[in-house]
Amino acid sequence: MKKEFYNIAKLVTQNSKILDVGCGNGELMKYITENISKDIRGIELSKSNIQKCVEKGLTVIEGNAEKDLRQFPDSSFDFVILSQTLQAFLDPENVLNELLRIGKKAIVSIPNFGHWKVRLHLLLKGTMPVTKNLPNEWYNTPNLHMCTIKDFENYCKERDIKINIKNLKFHNFFSELGIFILEK
Amino acid sequence: MNKFKDIKKIIVEKPLKLDCGQTINNYPLAYETYGKLNSDRSNAIMIFHALTGDQFASGINPITKKDGWWNYALGPGKAIDTDKYFVIASNVIGGCMGSFGPSDINPDTKKPYGTNFPVITINDMVNAQYNLLDYFKIEKLFSVIGGSMGGMQVLQFVSNFPNKALTAIPIACTASHSAQNIALNELGRQSIMADRNWQDGFYEEQNKQPDKGLAVARMAAHITYLSKAGLQEKFGRKLQERDDLKFSFDADFQIESYLRYQGSVFVDRFDANSYLYITRAMDYFDLTKKFGGNLSKAFEKSDTKFFIISFTSDWLYPTSENRDIVIALNAIGKNVGFVEISSDKGHDSFLLDVPDFLNTVKYFLNTSYKQIK
Chain A
620 MKKEFYNIAK LVTQNSKILD VGCGNGELMK YITENISKDI RGIELSKSNI
670 QKCVEKGLTV IEGNAEKDLR QFPDSSFDFV ILSQTLQAFL DPENVLNELL
720 RIGKKAIVSI PNFGHWKVRL HLLLKGTMPV TKNLPNEWYN TPNLHMCTIK
770 DFENYCKERD IKINIKNLKF HNFFSELGIF ILEK
Chain B
6 MNKFKDIKKI IVEKPLKLDC GQTINNYPLA YETYGKLNSD RSNAIMIFHA
56 LTGDQFASGI NPITKKDGWW NYALGPGKAI DTDKYFVIAS NVIGGCMGSF
106 GPSDINPDTK KPYGTNFPVI TINDMVNAQY NLLDYFKIEK LFSVIGGSMG
156 GMQVLQFVSN FPNKALTAIP IACTASHSAQ NIALNELGRQ SIMADRNWQD
206 GFYEEQNKQP DKGLAVARMA AHITYLSKAG LQEKFGRKLQ ERDDLKFSFD
256 ADFQIESYLR YQGSVFVDRF DANSYLYITR AMDYFDLTKK FGGNLSKAFE
306 KSDTKFFIIS FTSDWLYPTS ENRDIVIALN AIGKNVGFVE ISSDKGHDSF
356 LLDVPDFLNT VKYFLNTSYK QIK
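Here the protein sequences line up with chains A and B, keeping their order. Under the working numbering, the first residue of the first sequence carries the number 620, and numbering increases by one thereafter. Under the working numbering, the first residue of the second sequence carries the number 6, and numbering increases by one thereafter.
None of these hints come from the bench; they were simulated from the model. From the three backbone atoms N, C-alpha and C, an ideal C-beta is built for every residue, glycine too. Possibly wrong hints are sitting among the right ones.
The calculated lysine-lysine pairs, modelled on DSS-like cross-linking and capped at a C-alpha distance of 30 Å, are [to be verified]: (1) B/Lys339 - A/Lys666; (2) A/Lys671 - B/Lys339; (3) B/Lys145 - B/Lys19; (4) B/Lys339 - A/Lys629; (5) A/Lys744 - A/Lys723; (6) A/Lys657 - B/Lys302; (7) B/Lys89 - A/Lys675; (8) B/Lys41 - A/Lys675; (9) A/Lys636 - B/Lys302; (10) A/Lys686 - B/Lys295; (11) B/Lys19 - A/Lys649; (12) A/Lys666 - B/Lys89; (13) B/Lys302 - A/Lys686; (14) B/Lys169 - A/Lys649; (15) B/Lys239 - A/Lys675.
Now the in silico label distances, taken between C-beta atoms and shown as ranges [said to hold, decoys possible]: (16) B/Glu246 - A/Met620: 32 to 38 Å; (17) B/Asp205 - A/Glu674: 53 to 59 Å; (18) A/His764 - B/Asn165: 45 to 51 Å.
Okay, chain A solo, but in the shape it has when bound (with noise of 0.2 Å):
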């Protein structure tokens, strides 16, 4: 599993009620089912990710976070996920205001565009930066979005989003990613 599951995973609470935005192929949401709360369901847009979500006997709704997280009523998960697919929303700020609508803490990790790697290769190649995190050419990313660190920061600070805990260790400039858990 992903270090940054690991990471996601040590910030919910024992037998908490979670909802995983974007769950991939459920493998977060196993981790979490077996070692923390039973009480955790995902939403995936993808057929295959979802047959993988079933195989692992998940509960999985399929839908778009962009227009189906309106259907759960206000603070209905102690925490909701969205892992590394904020950027790839059409409106972001819809779905980030979705999640701390509906969920009590949003846990958000977003790859950041501010880290050295990515600020070098766009300095020294002069192409758009293709890394671990941002694997894609810029011709057939999913990444609408790209922000950095400093960026979600004060996306935050300016709409009185309270960061409560950021994974980092690091800061804007070392980290590839950026973990938040965010209340409103």
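Position chain B against the provided structure of chain A, taking the given hints into account.
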């Protein structure tokens, strides 16, 4: 009724007040079971059949000698694994496979009920079938499962008996029958009633059968169970045992021949009045009605874990209508999973060999079962 003398049935003594106002009692409810009930009676699943189904879901139907309607899903080692679970299937009231239906003899007149049979609803069907839990002394079902009208019964069951099923799998169904589906059912009913042999529903006492009307109803309905892409792929414009068009109204095309065949075999196994009564029950189905249009309220008291399944090419009970059930459950924080399975086999997908579908049912059941063990 002699042909049903060897099939399993219970006689329900307890009076059942139907939605239409009439009360019935001492009525037969025909059922079949698969697998073995375990010692703590915790492995029981009730499955509900669709419009033209019956209690013989798996193996060979002893009356029609045809394969059970859910052979792909139900049996030893299959998605609903009868090596593991005890499965109860019954024939709905209004049906024609041994349960109380319009071809039963009315004790007052000594003649078949015909259209004097009371109009029944999905709610009535489910309330009748609930008696099987008492009969088998089952406190709580492990699961309730059904597709199409069977899915409607699943929803109604959970709503009526909120704590009697641990899990529920409504498949390719709706919580409220749409105008389009009412229209299609009406087409079928009018076809039956337009057959001179129908005789206002009293055809049996006159030894007549509205076969033509029933066959046309089945042909029309059969089209709605398939998809355009599926039909095109299977039949296209292929001709039926001929090299060229005959410039007549024979079945030139394979699709015509296929539909005629489907109509002709259907009348051998199904009763025209049952077709009227059961389609009526589907049309009357609107789970939201009792709850002021709010479907969530139908499930408020339930702690059942749901898994809802729809199919991409099902235009009869489309994904959107299945998703409405998911939305209603999520709106009140209930435990629900949902997948839309890719298939070009239309509404019939739930009856066919669609591996992703069968796997979904299997994994959901097995995981849920592990959690209670």
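So, going through the hints one by one against the coordinates:
| no. | hint | in the structure |
| --- | --- | --- |
| 1 | B/Lys339 - A/Lys666 | holds (23 Å) |
| 2 | A/Lys671 - B/Lys339 | holds (23 Å) |
| 3 | B/Lys145 - B/Lys19 | holds (20 Å) |
| 4 | B/Lys339 - A/Lys629 | holds (26 Å) |
| 5 | A/Lys744 - A/Lys723 | violated (43 Å) |
| 6 | A/Lys657 - B/Lys302 | holds (25 Å) |
| 7 | B/Lys89 - A/Lys675 | holds (19 Å) |
| 8 | B/Lys41 - A/Lys675 | holds (27 Å) |
| 9 | A/Lys636 - B/Lys302 | holds (22 Å) |
| 10 | A/Lys686 - B/Lys295 | holds (28 Å) |
| 11 | B/Lys19 - A/Lys649 | violated (47 Å) |
| 12 | A/Lys666 - B/Lys89 | holds (28 Å) |
| 13 | B/Lys302 - A/Lys686 | holds (23 Å) |
| 14 | B/Lys169 - A/Lys649 | holds (28 Å) |
| 15 | B/Lys239 - A/Lys675 | violated (35 Å) |
| 16 | B/Glu246 - A/Met620: 32 to 38 Å | violated (60 Å) |
| 17 | B/Asp205 - A/Glu674: 53 to 59 Å | holds (54 Å) |
| 18 | A/His764 - B/Asn165: 45 to 51 Å | holds (48 Å) |
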